[in-house]
Structure formats: structure tokens, C-alpha cells
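> Residue numbers (the UniProt record's numbering): 1 to 81.
Hint data in this document are derived by calculation from the structure and do not stem from the laboratory.
Here are the computed lysine-lysine pairs in the DSBU-like style, where the Cα-Cα straight-line distance is at most 35 Å:
#, residue 1, residue 2
1, Lys76, Lys27
2, Lys10, Lys76
3, Lys3, Lys27
4, Lys3, Lys76
5, Lys10, Lys27
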Amino acid sequence: MAKSYQMLYKCRLCGQVFVNYGTVSEKVAEQSTLNEVLRASGMSPMWKENDTLTMYEMHCCADGSYGVSDFIGSRKVDEDG
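The task is simple: from the sequences and hints, build the whole structure.
See below:
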């Protein structure tokens, strides 16, 4: 069974949860998530900063509004295949 990890964000304005990007590497998912938690807490991570994951993203809501979205975690997805 293949697995992947989805990096999830939630829009503060409309409440939509969406996937910004994903990875098949558990290590990348874990370190990216921890890196953002540490960075948001004002602590420096012990490894190189991740270029793709950010604590905040802009979201284009269904009604045309623009919201600020928060990183809420990395969800493991098992795929049959």
C-alpha cells in the first residue's frame, strides 16, 4: 500500500481546508511540519529551512474573496494501488 502526506491549510475567512502540496517521504513531512512549528515559536530549526512549506498561505475563496490560511498539519494518506 503506497502512502503519501498532504500539507493542509485552513482559510481563516471561509473555513475551507485545502492541500497546498504533498510528499511521499515521511521524513520530509515530519521535518517540514516540525520546522514550521519551531519557526512559528521563534526557535531555529536544527536543519536547513524548507523552501516549500510556510505557516501561512493566501487562499482565493469561492466567492472571490481573499483569505489568510494557516498551516494545520501533514495528513498521511494510504493509497491502494
